[in-house]
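So the protein sequences, as listed, match chains W and E. The numbers in our numbering rise by one with no breaks, and the one at position 113 of the first sequence is 113. The numbers in our numbering rise by one with no breaks, and the one at position 216 of the second sequence is 216.
One or more hints might be untrue.
Some chain W residues close to chain E (C-beta under 7 Å, calculated; not the full set) [claimed, not checked]:
| id | residue |
| --- | --- |
| 1 | A13 |
| 2 | V15 |
| 3 | L28 |
| 4 | I31 |
| 5 | G42 |
| 6 | T62 |
| 7 | I71 |
| 8 | A78 |
| 9 | K82 |
| 10 | V108 |
Which bits of chain E does chain W cover? Going by a derived footprint, with three or more residues having C-beta under 8 Å, they are [as the list claims (entries may be wrong)]:
| id | segment |
| --- | --- |
| 11 | 276–282 |
| 12 | 357–368 |
Keep in mind the hints are simulated off the structure, nothing from the lab. Model, not experiment: these values are computed from the prediction. We put the CB at the ideal spot given by N, CA and C, even for glycine.
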Amino acid sequence: MINSLRIINKGVALVVGFGLLLCAGFVLADIIMRQIGTSFGGTEEIAGYAMALATSWGMSFTLLEMGHVRIDLLRSRADSFKRALFDVFSMIVMSGVVVTIAIKAWPVLERSINNGSRANTPLETPLVWVQIPWFAGWVWFAVMTTLTTLAALSLLLKRRHAEMEDFVGAFAEQETLQ
Amino acid sequence: MIAYVSVGLLGLLALSIPVGIVLFLLGFGIDTFFSNFPLTRGLGNMVWSSSNSATLISIPFFVLLGEILVRSGVATKTYAALDRWVSWLPGGLVHANVATATMFSATSGSSVATAATVATVAMPQAEKLGYDPKLFSGAIAAGGTLGIMIPPSINLIVYGFLTQSSIPQLFLAGLIPGLALAIGFMAITVIICLIRPDLGGTRRTFPFPQMLRALIDLVPILILFGLIVGSIYAGWATPTEAAAVGVAGALIIAFAFGGVSWSMLTQSLTGTVKITSMIMLIVIGASFLNFTLASAGLGRELTEFMTGLGLTPLKTILVVVVLYIVLGFFIETLSLMVVTIPIIVPLVVAQGYDVVWFGILMIVLIEMALITPPVGLNLYVVQGARKSGSLNEVMLGALPYCLTMLVMAFLLIAFPSIALFLPNALQ
């Protein structure tokens, strides 16, 4: 299961990455247009939305690539069983927090839907347009952390610690930087 | 509350819970135990408003810029070019390590990426030319730390965001200390190699025409740096926009060097998403903790705490320096910076210190954290790239550079204008 989650989220990360590249192109075009005295207007606002979406949708990829920084001080000194306990504990706590965030993100969207809120900017973007995908990103992250935690728990119960460490272990810095 | 946050922070981090998550947990705790009104109700809004930020989008842009440069082979050419220019000094190639790291710092915003780049390129040379592996790898680990000091710096963007200080001013303030540190690193290398010539490998000189030709390989990086920093101070672009300019510049350079391919592009993009989300989970967590601490009245408690201690401003700063050195053994850069900002910055500013100046001092101190064991990310990165010998060698080799940073920290405290001169002059 973890492998399919990884493949899916790599696809998501690619989409997010190209989105960011597109956003960079957009910002660049705006700078050039300003030099010749015109402008799209609203680039700042759009860049902000791009960042919010990139953040919420990129989290799961980072999770599955073990990219969220952990302090590996006591854990690295433990044997494989205790390391597995550290990992599962930290995943359970993480799922709890991320699910809470996703739940608390709903009222933000709900208010925008009920009030038909628009951004307080020249573009007057209806906030719902950006907050729906933003909220969906956090829900996606919550689902991914929960699934990862469950996968780790089941491997812990089967005592397959090494396999578990492949997806919830501490960071794999070197690999990612090469 | 101060004790709760400090103990809670260290305890939860030691359990190896992800740093960003720890910050949220502490925020929940503050809400439960210290606040009269339900702060967690504001969580959704905090997450939305701290990630919906045109300032922070410069982070993925600068990461992407670095990724493109790293993966396109530009680093190899830069290293070779700098080798021609600095290898006549006692210590030879070690200076090329520091110099390449300095140049890459000037374009990439990240220390770890800088160290990884230089290490991959430089390590094969070390054995061939008979360098002491300790000094050689230590210099790479240390040189890489300059990435967060010399603008553009992702850490300074995060600092500016969380303390609401001016990012262009922070960038200007980082320039002189960053270059001074690079020169300091080279000076200490020369001193060490004059005392122990056997550590420094072969010194080589190159014919002048070759040196001139090598300069061509440095031009793209220099232009890129000029574009990014120049466009900010010429008033054409905000730091965010300059980062976008940098991405375009890096792509053009990579094209010119023939380093662009589909797989290189997709790797750079996914790498960017991974690092950005890693940083953002911590930044959003810190924003939330900041918000709960401020709402629960941390400011008043801190002031009382400091009055109770009766420390002079200078003594306060010295305590802060010691604190960072100690914490730096265990916590790595960005996390160290972000978890301490909510408490330390108000405390220091209340003592009458400049927030921009303190940002730079803090960067020097967390640069040290990158190369102090047992948790020093750059040490591991360099060790990972060299694939032989032990981690202890890298640690030992990094020690002289650690001391150089400490000297720099004290110089900054004694002469704040090292950092503040440029921002003041150009205001």
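(request) Go through the numbered hints given earlier and state which of them the structure violates, listing their numbers in rising order. (result) Of the numbered hints given earlier, those the structure breaks are 2, 5, 8, 9 and 12, listed in rising order.
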